[in-house]
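Throughout the sequence shown, residue numbering follows UniProt numbering, covering 1 to 43 in sequence.
Label pairs and their computed distance ranges (CB to CB): (1) Asp-38 x Val-4: 36 to 46 Å; (2) Val-4 x Pro-40: 32 to 42 Å; (3) Val-4 x Ile-36: 33 to 43 Å; (4) Leu-39 x Ile-17: 19 to 29 Å.
No lab work stands behind these hints: they were computed from the structure.
A quick note: this is a predicted structure, and the numbers were derived from the prediction, not measured.
Glycine included, each C-beta is placed from N, C-alpha and C at the ideal position.
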Amino acid sequence: MRVVLAHAYHHVDQDIIGAVVARDIPALQRDLAAIIGDLPAGD
1 MRVVLAHAYH HVDQDIIGAV VARDIPALQR DLAAIIGDLP AGD
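Using the sequences plus the hints, can you model the full thing?
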């Protein structure tokens, strides 16, 4: 039962993230660029 609930929560999270991303793509791209820019380049 716990696995089923975790799976359902995962889908709810995905839906929420999808809605936020759809609304905030430019901001998200800026954030991602900033995060990627902060990563060490040696990896």
